[in-house]
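Visitor: Mind docking chain B on chain A? Use the hints.
Each chain is listed here by its residues.
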Amino acid sequence: MPDGNERNGAKHPHGEDGVSTPSLEEWFMREVWPLEAILMQYLRQNWRDQSAAEDLLHDVYVQVYEAASRALPENPKAFVLTTARNLLISRVRHANVVPIEALADFEAIQTAIDAPGPEQAVIAREELRRLEAAIAQLPPRCRQVVMMRRVEGLSRGEIASRLGITEDTVSVHLKRGMSALADLLYGRPGESGR
Amino acid sequence: MKPENIPATDTRAIKDMAADWLERADRSDWNETQAAELEAWLSRSPAHRVAYWRVKSAWERAQRLHVLQPAGDGQARRNSWNLFRPMLLRAAAVLAAVAILSVGMVTMAPRSREESFATALGGHKVISFADGSQIELNTDTAIRTRLTAHERTVVLEHGEAYFRVTHNAARPFSVVIGDRRVTDLGTEFLIRDDGGRFEVALTHGRARFEAVDGVNNPSVLLVPGDAVMEKRGSISLVRQTRSEMADQLAWRRGLLIFSQTTLADAAAEFNRYNATKIRIADPATASITIGGTFATGNVAGFVELARNLLGLRAVTRGNEIEITR
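Read top to bottom, the protein sequences are chains A and B.
If you want this note's numbering, it's the position in the first sequence, counting the first as 1, plus 220.
If you want this note's numbering, it's the position in the second sequence, counting the first as 1, plus 397.
Think of the hints as simulated: they come from the structure by calculation, not from any bench.
Note that the coordinates shown come from a computational prediction; the quantities given were computed from them, not determined experimentally.
Built from N, CA and C at the ideal position, the CB exists for glycine as well.
Some hints could be false.
Said to hold, decoys possible - With a straight-line Cα cutoff of 25 Å, these simulated SDA-like cross-link-like pairs (lysine to any residue) come out:
| # | chain 1 | residue 1 | chain 2 | residue 2 |
| --- | --- | --- | --- | --- |
| 1 | B | Lys-453 | A | Glu-286 |
| 2 | B | Lys-453 | A | Leu-244 |
| 3 | B | Lys-453 | A | Gln-261 |
| 4 | B | Lys-453 | A | Phe-299 |
| 5 | B | Lys-453 | A | Arg-311 |
| 6 | A | Lys-297 | B | Pro-443 |
| 7 | B | Lys-453 | A | Val-392 |
| 8 | A | Lys-297 | B | Gly-622 |
| 9 | B | Lys-453 | A | Arg-361 |
| 10 | B | Lys-453 | A | Pro-359 |
| 11 | A | Lys-297 | B | Thr-638 |
| 12 | B | Lys-453 | A | Ala-273 |
| 13 | B | Lys-453 | A | Asp-275 |
| 14 | B | Lys-453 | A | Cys-362 |
| 15 | B | Lys-453 | A | Asp-269 |
| 16 | B | Lys-453 | A | Ser-310 |
| 17 | B | Lys-453 | A | Leu-374 |
| 18 | B | Lys-453 | A | Asp-403 |
| 19 | B | Lys-522 | B | Phe-691 |
| 20 | B | Lys-453 | A | Ala-272 |
| 21 | B | Lys-453 | A | Gly-238 |
| 22 | A | Lys-297 | B | Lys-522 |
| 23 | B | Lys-453 | A | Arg-268 |
| 24 | B | Lys-453 | A | Arg-250 |
| 25 | B | Lys-453 | A | His-278 |
| 26 | B | Lys-453 | A | Pro-254 |
| 27 | A | Lys-297 | B | Phe-691 |
| 28 | B | Lys-453 | A | Glu-352 |
| 29 | B | Lys-453 | A | Ser-375 |
| 30 | B | Lys-453 | A | Arg-363 |
| 31 | B | Lys-453 | A | Ile-309 |
| 32 | B | Lys-453 | A | Pro-296 |
| 33 | B | Lys-453 | A | Met-249 |
| 34 | A | Lys-297 | B | Ser-656 |
| 35 | A | Lys-297 | B | Arg-639 |
| 36 | B | Lys-453 | A | Pro-293 |
| 37 | B | Lys-453 | A | Trp-267 |
What the hints assert, rightly or not - A short, non-exhaustive set of chain A residues, derived as facing chain B with CB atoms under 7 Å:
| # | residue |
| --- | --- |
| 38 | Glu-245 |
| 39 | Phe-248 |
| 40 | Arg-290 |
Pulled out of the complex, with its shape left as it was, chain A reads as follows:
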């Protein structure tokens, strides 16, 4: 009888095949996405061009993916942060625009992450509030469509006829809702929990 130990397991012995895709996806969900708010803050503080932060973040994810698909790191948080720092350093060397001292608060950020921060200390009810808060922040029509799809389990056709819009419009709202929920759930610091 399998029990929940896979949650604890840092390594998946897949030999030369590396980490299986489903475990990797699960690992990202458990370890990486919750770091997004703090990573974003770190990148913004250390990169002058604010509009590039989103691209940098995505590059961090790609590099983490490439390393983790070979073997899952022992300490995910430290690994993700180090990846972010190394990426910044290499960009700084290439672009020669940001002084290296700007990266000095890495230690502080790492300490903040190692302490039981909002993400780890979040209790189940706070998670609940957080999800509700994220959904509440969607634009009204988008929220309505997301709720109809998720809560009521209505099909696109049913939603379309209830709201008097086309199915394509329903799809557009759903797609926007999906994107926005990822940003709201992962990109915002945990201030909504209090």
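Guide: Frame of chain A, contents of chain B only:
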């Protein structure tokens, strides 16, 4: 609407395509051909894959939030279920009786045993069964057990209990809380019912959570770390970390563990175990958060903390201690 198959380098564009794919995969006409196209897109670049995983995980998280909520008006539905509850229980009892009768005819009287167990305020009791299963009752808890050769059923009437179930597929173990049921698939789990608000948390193994009538709501397979909770008539599924679960089970060691807990919630916890009730006078005080570990009976220690560390005042009136600014 079809996601384009050109490689994208811009993060925004990739995220946009990822959401596009996810939206397509959510449609009823999603098929294997499309799934193969998606897989091809994902394989083209790790950038595609991480973008897709990210948007998908958020969408699934949001889905799980409401996966158990009754369709339509949750409140109305809940109320109508409450009305039907005694009827359902009676129907279940009749079904059980019928099952016992028919079983009795075939297999030579495997007797059904019904028993009740309860704890008083501040009580704690472990009940062991012949099959090795154990039920641990927390303060002010009442259960009824019905054991037959073919099923083991426990009704949690009120309170909180931790179940360690010896799995037997031929003799399923289920716990009924109101109009919901948890069926063991090899499990340790916690169930708490404080009158109208209940919570089920799974620590080991697998269990299924479903409506007793089995019709109106989707059932959900719980894995370790899952917690189902009810709030104002709607039911949600959330994830808990190991340490959160461990804290929740601290009562088994006679402890209450608080972590970023409001004073109001902490007081409510103490009040479950003690005849002396703590009342927090005003909302501002009630929302102060604290952390710490206390023996369940250590009301005095808690009040001292409020007084000395938080600078609050405590006034005792008979069986009540009022904490105020």
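Visitor: If you test the structure against every hint from before, which numbers come out violated?
Guide: 5, 15, 16, 22, 23, 27, 31, 37 and 40
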